[in-house]
Amino acid sequence: MKHKYSNLAKSGIIALSSCLFCLPSLADEIRICGYLQTIDPSQVTVNNISYPITGETEFKDENDVVITVSDFIAGELIKVEIEEGVVDEVEKEDGTSCSSDENSGLDDNSEDDNSEDDNNLSGPKTRICGAVDAINSQEITVKGVTYPFTSSTEFESLSGAAISPEAFTVGDYVKLKLISGILDEVEQENDVSCKAYKQSKKAKKRGDENSSKVRQTKNRATTTSTLSSVTGKARYRSEARSKEGRDPKVDSRFVINIGVLVGQEQPILQTEEQAAQLSLQAFITRNGSHIAVCTLAFDEVNDLGKAEYKVKLREKRGTLREKKGICSIDPSSPDGVSGLPTVQDGDIVTVYNTDGLVEFIKMSF
28 MKHKYSNLAK SGIIALSSCL FCLPSLADEI RICGYLQTID PSQVTVNNIS YPITGETEFK
88 DENDVVITVS DFIAGELIKV EIEEGVVDEV EKEDGTSCSS DENSGLDDNS EDDNSEDDNN
148 LSGPKTRICG AVDAINSQEI TVKGVTYPFT SSTEFESLSG AAISPEAFTV GDYVKLKLIS
208 GILDEVEQEN DVSCKAYKQS KKAKKRGDEN SSKVRQTKNR ATTTSTLSSV TGKARYRSEA
268 RSKEGRDPKV DSRFVINIGV LVGQEQPILQ TEEQAAQLSL QAFITRNGSH IAVCTLAFDE
328 VNDLGKAEYK VKLREKRGTL REKKGICSID PSSPDGVSGL PTVQDGDIVT VYNTDGLVEF
388 IKMSF
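Take any residue in the sequence shown, count from 1 to its spot, add 27: that is its number in my numbering.
If you are wondering where the hints come from, they were derived from the structure by calculation, not from laboratory data.
Possibly wrong hints are sitting among the right ones.
[As the list claims (entries may be wrong)] Keeping only pairs whose Cα atoms sit at most 27 Å apart, straight-line, the calculated BS3-like set for lysine-lysine is:
| hint | residue 1 | residue 2 |
| --- | --- | --- |
| 1 | 350 | 389 |
| 2 | 337 | 260 |
| 3 | 87 | 333 |
| 4 | 337 | 351 |
| 5 | 152 | 87 |
| 6 | 333 | 351 |
| 7 | 87 | 350 |
| 8 | 245 | 351 |
| 9 | 87 | 337 |
| 10 | 260 | 351 |
| 11 | 389 | 351 |
| 12 | 152 | 245 |
| 13 | 245 | 389 |
| 14 | 245 | 260 |
| 15 | 222 | 170 |
| 16 | 260 | 350 |
| 17 | 260 | 333 |
| 18 | 152 | 170 |
| 19 | 351 | 87 |
| 20 | 245 | 350 |
| 21 | 222 | 245 |
| 22 | 222 | 152 |
| 23 | 350 | 337 |
| 24 | 170 | 260 |
| 25 | 333 | 350 |
Given the sequences, and given the hints that come with them, work out the whole structure.
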């Protein structure tokens, strides 16, 4: 159900003895394309390198359908996605879409959105993708042109979840759909998906059925203030591919990782039991306005004596995967709307404990 304006409110050991490519032990994200040599529940070997598989590793076929380890065959082309030294996903690929620097399977067989979502409107359709210049409860301005909301205007997150107009702020990227000049839909986008959308429109005009281009953005946060016993990092990455004049497909990831010393000098936490009970929330702001609130999940106390709290989200092909923690991308909604924040340069992440709202750390993208 879309949100109407009238209703305002996600081995083990690497074999390096004789390889030409070595996996950095602290690498955040690496993607490898190659022909499968061996795979079992503990590791996958590609290009003479073995990568560790965990219980959280996902296995997919060429159509993004979940499969098992036993469905893979030695010699077939695969893509291995690695995060923090372990395999996050193993996916079968075809020869036209596999490389180490792109997302596969980004075809979209529908140039238009579902016709049943057009609120009984008919007539010529127009789409505009760009940054929000201004927005209030009555209208939105994009690229210098103002479009009034109607009682049937719908508002959606990047994954298609219903959100309220208050979820949008100046600087956000959006895609507007107009039918006969009437604003039918406002959908969250990001800079890469808007650029890819423009590329797809150009390809369609040229009649270039084989056009394919990847757009990518990466943002990493730097710490601006923190308690002495707290460390943290945050990162956002999004990719979009435009192909054959069709709407782009987007693959986005958002990660927050907070470490809190346990039982050491000037500790916030005295014991591991206290660490497991600590509740942390991250407030993400843009130009002074809240764009998202995330609840971090306790992960473990690591070998350095730090309790780790994480948010780990991925949104791929319109599907949100909440691997660690959760985020609400519509703070104005009473029940919240789960989603992946579309982070931009200048956004601020402030982490508090939920009991007493003590500021643990502040980071800036």
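We went through each hint and held it up to the structure:
For the hint pairing residue 350 with residue 389, the CA-to-CA distance comes to about 23 Å; that is within 27 Å, so the pair holds. Distance hint between residue 337 and residue 260 is fulfilled; the C-alpha atoms sit about 10 Å from each other, no more than 27 Å. Annotation: proposed proximity of residue 87 to residue 333 is violated, straight-line Cα distance about 34 Å (limit 27 Å). A hinted pair counts as satisfied when its Cα atoms are at most 27 Å apart, and residue 337 with residue 351 qualifies at roughly 6 Å.
A distance of roughly 35 Å separates the Cα atoms of residue 152 and residue 87; the hinted pair therefore is violated under the 27 Å criterion. Restraint check for residue 333 and residue 351: the C-alpha separation of about 17 Å stays at or below 27 Å, so the hint holds. Taken as a hint, the residue 87 and residue 350 pair is honoured in the structure, with Cα atoms around 16 Å apart against an allowance of 27 Å. Taking the CA atoms of residue 245 and residue 351, the gap is about 20 Å. The hint holds against a cut of 27 Å.
A hinted pair counts as satisfied when its Cα atoms are at most 27 Å apart, and residue 87 with residue 337 qualifies at roughly 25 Å. The hinted pair formed by residue 260 and residue 351 meets the criterion: a straight-line CA distance of about 15 Å does not exceed 27 Å. Taken as a hint, the residue 389 and residue 351 pair is honoured in the structure, with Cα atoms around 20 Å apart against an allowance of 27 Å. A C-alpha spacing of about 32 Å is found between residue 152 and residue 245, which places the hinted pair above 27 Å, so the restraint is violated.
Taken as a hint, the residue 245 and residue 389 pair is honoured in the structure, with Cα atoms around 19 Å apart against an allowance of 27 Å. Distance hint between residue 245 and residue 260 is fulfilled; the C-alpha atoms sit about 14 Å from each other, no more than 27 Å. As the CA atoms of residue 222 and residue 170 are separated by approximately 14 Å, the hinted pair is consistent with the 27 Å bound. Using a Cα cut-off of 27 Å, the hinted pair residue 260 and residue 350 holds, with the two alpha carbons roughly 17 Å apart.
Distance restraint check for residue 260 and residue 333: the Cα-Cα separation of roughly 14 Å lies within the 27 Å cut-off, and the hinted pair is therefore satisfied. For the suggested pair residue 152 and residue 170, the alpha carbons sit about 18 Å apart, so the restraint of at most 27 Å is met. Straight-line distance between C-alpha atoms of residue 351 and residue 87 comes to about 20 Å, which keeps the hinted pair within the 27 Å bound. As the CA atoms of residue 245 and residue 350 are separated by approximately 20 Å, the hinted pair is consistent with the 27 Å bound.
For a cut-off of 27 Å, the pair hint linking residue 222 to residue 245 stands: about 15 Å separates their Cα positions. Proposed proximity of residue 222 and residue 152 is supported: the alpha carbons are some 20 Å apart, at most 27 Å. Note on residue 350 and residue 337: the hinted pairing holds, with a Cα-Cα distance of about 9 Å set against a maximum of 27 Å. This hinted pair does not check out: residue 170 and residue 260 have alpha carbons roughly 33 Å apart, beyond 27 Å.
Between the alpha carbons of residue 333 and residue 350 the distance comes to roughly 20 Å, so the proposed pair stays at or under 27 Å and holds.
The structure is inconsistent with the numbered hints 3, 5, 12, 24, although it conforms to all the rest.
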